[in-house]
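Number of protein chains: 4
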Amino acid sequence: MSSSSLKDFPLSLKTMYDLAEFVIRSVELIKPEQVEKMVNTLEDFYVNNRNGKVLVMGAGRSGLVGRAFAMRLLHLGYNAYVLGETIVPAVGKNDLAIAISGSGRTKLILTAAEAAKETKSTLVAITSYADSPLGKIADVVVEVPGRTKYSQFEDYFARQIIGITEPLAPLGTLFEDTTQMFLDGIVAELMLRLKKSEEDLRMIHANIEL
Amino acid sequence: MSSSSLKDFPLSLKTMYDLAEFVIRSVELIKPEQVEKMVNTLEDFYVNNRNGKVLVMGAGRSGLVGRAFAMRLLHLGYNAYVLGETIVPAVGKNDLAIAISGSGRTKLILTAAEAAKETKSTLVAITSYADSPLGKIADVVVEVPGRTKYSQFEDYFARQIIGITEPLAPLGTLFEDTTQMFLDGIVAELMLRLKKSEEDLRMIHANIEL
Amino acid sequence: MSSSSLKDFPLSLKTMYDLAEFVIRSVELIKPEQVEKMVNTLEDFYVNNRNGKVLVMGAGRSGLVGRAFAMRLLHLGYNAYVLGETIVPAVGKNDLAIAISGSGRTKLILTAAEAAKETKSTLVAITSYADSPLGKIADVVVEVPGRTKYSQFEDYFARQIIGITEPLAPLGTLFEDTTQMFLDGIVAELMLRLKKSEEDLRMIHANIEL
Amino acid sequence: MSSSSLKDFPLSLKTMYDLAEFVIRSVELIKPEQVEKMVNTLEDFYVNNRNGKVLVMGAGRSGLVGRAFAMRLLHLGYNAYVLGETIVPAVGKNDLAIAISGSGRTKLILTAAEAAKETKSTLVAITSYADSPLGKIADVVVEVPGRTKYSQFEDYFARQIIGITEPLAPLGTLFEDTTQMFLDGIVAELMLRLKKSEEDLRMIHANIEL
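Protein chains in written order, with the UniProt record's numbering: chain A, 1 to 210; chain B, 1 to 210; chain C, 1 to 210; chain D, 1 to 210.
In case anyone wonders, no lab produced these hints; they're calculated from the structure. As the structure is a prediction and not an experimental result, all values here were calculated from the model. A couple of the hints might just be wrong.
Going by beta-carbon spacing under 8 Å, a handful of chain D positions derived as facing chain B [as the list claims (entries may be wrong)]:
(1) Ala-70
(2) Thr-86
(3) Val-88
(4) Val-91
A virtual CB, placed ideally from N, CA and C, is assigned to each residue, including glycine.
Work out the full structure: start from the sequences and follow the hints.
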């Protein structure tokens, strides 16, 4: 399907197409060596540190993306936790903190990341800016594109397709949706490396759901 | 970029590419008339029912996708709520319930949807199956593809691209990620119809965040 | 201080006094042998089943009381979880489910409790009615008084003190506040039995808080 | 019932008794004029500012106490929200923020309270210390006793009753449980002032619960 065949589609479906296109371009922009380092860290953590805890941290919609990832980490067998939930244990030098912030400047996530570093936890940052305050203090950084950084896309998005100047992927949408798929890619690679089948995941999946 | 140029990429990025590809195909599979009906319902609700409440309902990762959508509904000016949070008001005949369930059979979401229908709320269902129990009781249904339904894709996904039989988009991943982008498309169209700029959304966005 | 010395106090403080009085009477009504069985179960679980999980379940304000208890269980060293949060693992025969429902009939908690029983988890019920559907399926029941059961109290509360017929501890307030204190009593006894000092609890308390 | 009649009771029930006793003493220690100001503020807000929002803020178990109060504010007809949940709107000069922190120094609640003040929201603080950083910036303060402040109680609690030096109401327990009952007292007084019956509350109570 090409973008032109969408001309009679509702704007919602065109935007959905554009968001997915943005993710596809992002695949080329994300640095494989950064990804490799993140996956190695998680694999090594699983294999050599079975009692270690993984604490996922994000605010707003980035926090929801983090929760979706934390669920899969739990299904993979990690001791995963989410900052802001009821059950958040203390973390320390054998633990891993994963902070998600497009700008790398979200105040409370930065505060939490600094606190994690103080406890000697390993810090992984998912952000659009490696040189942001969050990116700078992280042990492992993966740069995931968001809107601000890629103004060419903004032009394309705004003018070619929609013909207006208003961005229709408001606020952090591009970063959030791209990160969601990026992290689901990480889950896939961890499944392979840790030799986990879908059935293994299902076994740990909550069997009492509200 | 074509899929073949990905051959040296980490599996995580290949999977990310595949997930985005799945969303792009889904754009063609989603029925425009169903989408139109959903957007019309939301637009009409905003314009003619300013005190009405929108209650978003989903379990597990579908619930997180629902929360991300509810946040944007709030930013657009709706009185949005999320089932399972602390603050959930009673709903009734002037209210709207939006239920998200890939299978359309998630027990507790089905129970909640039935309860919503009993209160005379309008029920919108996002599901892969219009003929599921959830789809059947809904006033508005949008079918969003997920894995189970598209076994051809499973083959393609498993064999052509990844060369293994293990599904690397485990459990509800395909439905969840596709629905996330679909709902962000809905947000874009509502922005246009309700004449809301990104700045308008930012004004309602939480200014105190934890 | 006697109740009469409160006569010039704001109604809010008088009610606070009445709520605490209700808790004090409840201490005599709660059956020590039920409490003993609950504490023994938790102590034995801690000592002999270090990898076992404790899943706390409650709806609405009873759910919040459950969360407050789950936090302390975490601080005591249990692998505690809360139904409805992001991170909820599967439970099974070596695990413990604690269900809180004043009426013992809250539909979704009953459903969850039945699911827990099916997984062979041990079920502890905190309810005002041992003969409720929840009480009947539980392995351990502790009856904690709430309003409905003690109509004498309603009279006293309504007429003697406040002089009106409207109950000023609406809905489940009495059960919720009494259960909160009862469970904090359980925490105290577990501290002693498991030889945990306040400092031990503080060590596990979240060191990164949002 | 006197405390001595408890001698054969399990420690959990003795502690429950002590916690309730602490609440009863607290009733005398809480300043009626502070309470009056808080209730007046809430009554006036309800009557003259029907579109205003109330944002409740607290960390850890104090956050749970805040949520329980926010639920009742919703049931009373307020537009109540909880910091940290998915649905948190922007607040401004016509809105009310209620911050709960025993020490009045919990970093993130203090940050949030300062942010609320910057938006010109009215700030109500529930804390054990009127002269804490939180207490100082609040428009309305109610001092609710907690442990640290009342070392006499610690002595009594530790020596007379339990005969050990270990505090059995660890961390913030006393403040949290006392605040829970204090706020339920506020709910009772608001019911009377706003002429709300229990049935009125029930009408707004969630009719779809997960």
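Okay, the hints, checked on the actual structure:
1. Evaluation of the Ala-70 (chain D) hint against chain B yields a held restraint, the C-beta minimum of about 6 Å falling below 8 Å.
2. Residue-level restraint check for Thr-86 (chain D) holds (minimum Cβ-Cβ distance to chain B is 4 Å; threshold 8 Å).
3. Interface restraint check: Val-88 (chain D) against chain B, minimum CB-CB distance 4 Å, threshold 8 Å, status holds.
4. About 7 Å separates the beta-carbon of Val-91 (chain D) from the nearest beta-carbon of chain B, less than 8 Å, and the hint is met.
Of the numbered hints listed earlier, not one is contradicted by the structure.
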